[in-house]
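Chains as they are written, first to last, in my numbering: chain A, 380 to 568; chain B, 231 to 516.
Keep in mind that the hints were calculated from the coordinates and are not lab data.
Be careful, since some hints might not be right.
As the list claims (entries may be wrong) - Simulated restraints on C-beta separations: (1) A:T446 with B:E240: 22 to 32 Å; (2) B:V271 with A:S551: 18 to 28 Å; (3) A:D543 with B:A456: 18 to 28 Å; (4) A:T456 with B:E508: 35 to 45 Å; (5) A:L388 with B:G431: 17 to 27 Å; (6) A:E540 with B:T237: 17 to 27 Å; (7) B:D466 with A:E540: 47 to 57 Å; (8) B:G431 with A:D543: 39 to 49 Å; (9) B:E508 with A:R536: 28 to 38 Å; (10) B:T455 with A:M476: 30 to 40 Å.
We put the beta carbon where it would ideally sit given N, CA and C, even for glycine.
The primary structure of each chain is shown beneath.
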Amino acid sequence: MTDADQSKLANPEWDLMQRVARQEPGAIEELYDRFGSLVYRMSYQTMPSRAEAEDAVQEVFVRLWRTAERFDPNRATLVTWVMLITRRYLVDRLRRMGARIQPVALAEGYSPPERDTTGKRMEQREQFHSLMECIATLPDLQRTVVTRAYLGGQTLRRIAEELDTPLGTVKSALSRALVRLREQVTVEE
Amino acid sequence: MSKSRLTTNELLDLAAEDLLGVLEDAERTAFDESAAAADPVVQEQVRREQSKAAESVQATLPLVIQSPDLKGRVMDRLARESGVVSTTTPSETTPDETPAVVAATALPFSTEAASLEMAWRDLPTRRVNRYWRAASLALAGLSVALGAMLLDSKQTFYNLVDIYTSESQNAYLRMHGLGVPYKQLHMDSGTVSTRFVDVTGGNAVAVLECNEVLGQAYLVVDGLTAGNYELRYVLDDQDDAVVAQHFRFDGSSRAISIELASLPAGGQWQICEQGSDEALLIGRLA
């Protein structure tokens, strides 16, 4: 047995996914208790309605169950794996929906609306403001690339073609944008 | 991009894009195959790149609470997908007990069914007089019925899964003096929301909604491990909490009524495990 195999056997996340794959009682519930909220928040951010977000959560957990045996802790932590499966599903769904983000709204800049004191909808405010406040502070190209790729599910190649920008430049913009978004949260905390 | 193996630089270059799900199909396949075949050092590098990207994504996620019944719907969906019915019959069971075992194994993701099956298999086999068995079952049924009738009505209501209460439920609450329903408080313009942040690096979220005019507050929590917790308010210059209430989280989010008439100022809300001083979530005004 290799060192990698041995470390896998001792990994509780691998154990959990193996139990999910074997359909052991309580295993998938444990997985949902740990990651259901995360998957829902990711779905809610991307899908156009709450109902579609909830539908996406169901589909993601079906996929997590079906691919449980393939989880390799040497390849990714379980939270990364869950996010990977979730993002792949959401992007595939966006592409099937033909979703496009209107670049005009981004070019005009983003300003948080005034506090809604009548019939407030906390969840709708959170969905929009949390992400857009972060993205609004990015330079133009980074903002456009992150929004089209992350919210629109476009490939970087297609973004590069539409913006008439080298693919390498688009990739760099995405990479820098992710670093800045992460740093923003670190500073705020 | 070809489907041949990617170099280390290409793997690291595509790691974040893979996490975001924006690779083209051929790229995705090539990335998966190459990452699986890479040596441990490269795999560790890929894992770190994707963890960084994952942190960035999590930083932008909205603090929204899922519907309390979503977990149940997901479990039901998985049960339908599995659709497995076991044909094995435990040797300890008697013929008239077989249907219970078959029902218990039909839904592998049903924990109640699995518990039933396990309990059933653990029962010792012995001959029991059928009249005594009938009397035992009748007494057991009667005690369950009596227990249900004696359940506290308020607790029964707050165990309801759906926090978006129907009009009949609203009427019931008003009739029994159980206060303003969560739905009404949530929609009221005078309600102040306090949003909690998980300071342990986990994915727990919580929102405390308080309305001084209506004189009530609700706490909605998600992502914590099931157990007993304490909601407390600690002033900046003091160690002791000025407000504290214990609550139990059962693993699925629902609105928990909090006995709070007004919000204090000059401190912070904390959610801790009962008996612990270590804050798991800290709340600040939205």
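Distance restraint evaluation - D543 (chain A), A456 (chain B), Cβ atoms, bounds 18 to 28 Å: At 54 Å between Cβs, range violated.
39 to 49 Å as the expected CB spacing between D543 (chain A) and G431 (chain B), which holds or is violated: For D543 (chain A) against G431 (chain B), whose Cβ atoms are near 41 Å apart, the range 39 to 49 Å holds.
CB-CB spacing for E508 (chain B) and T456 (chain A) relative to the 35 to 45 Å hint: Taking Cβ atoms as reference, T456 (chain A) and E508 (chain B) lie about 24 Å apart, which means the hint is violated.
Pairwise beta carbon distance, V271 (chain B) to S551 (chain A), judged against the given window 18 to 28 Å: About 25 Å separates the Cβ atoms of V271 (chain B) and S551 (chain A), which means 18 to 28 Å holds.
Status of the given 28 to 38 Å range, CB of R536 (chain A) versus CB of E508 (chain B): With Cβ atoms ~48 Å apart, the hint is violated.
Range agreement (Cβ of E540 (chain A) with Cβ of D466 (chain B), hint 47 to 57 Å): holds (54 Å)
G431 (chain B) and L388 (chain A) - C-beta distance against the hinted 17 to 27 Å: Because 26 Å falls inside the window, the suggested range holds.
Whether the CB-CB distance between T446 (chain A) and E240 (chain B) falls inside 22 to 32 Å: Hint holds: Cβ distance 24 Å, inside 22 to 32 Å.
Beta-carbon spacing of T455 (chain B) to M476 (chain A) - inside the hinted bounds 30 to 40 Å or not: With Cβ atoms ~36 Å apart, the hint holds.
Outcome for the supplied range 17 to 27 Å, where the beta carbon pair is E540 (chain A) and T237 (chain B): Holds: the Cβ-Cβ distance is about 24 Å, inside 17 to 27 Å.
Of the hints listed earlier, those the structure fails to meet are numbers 3, 4, 9, in rising order.
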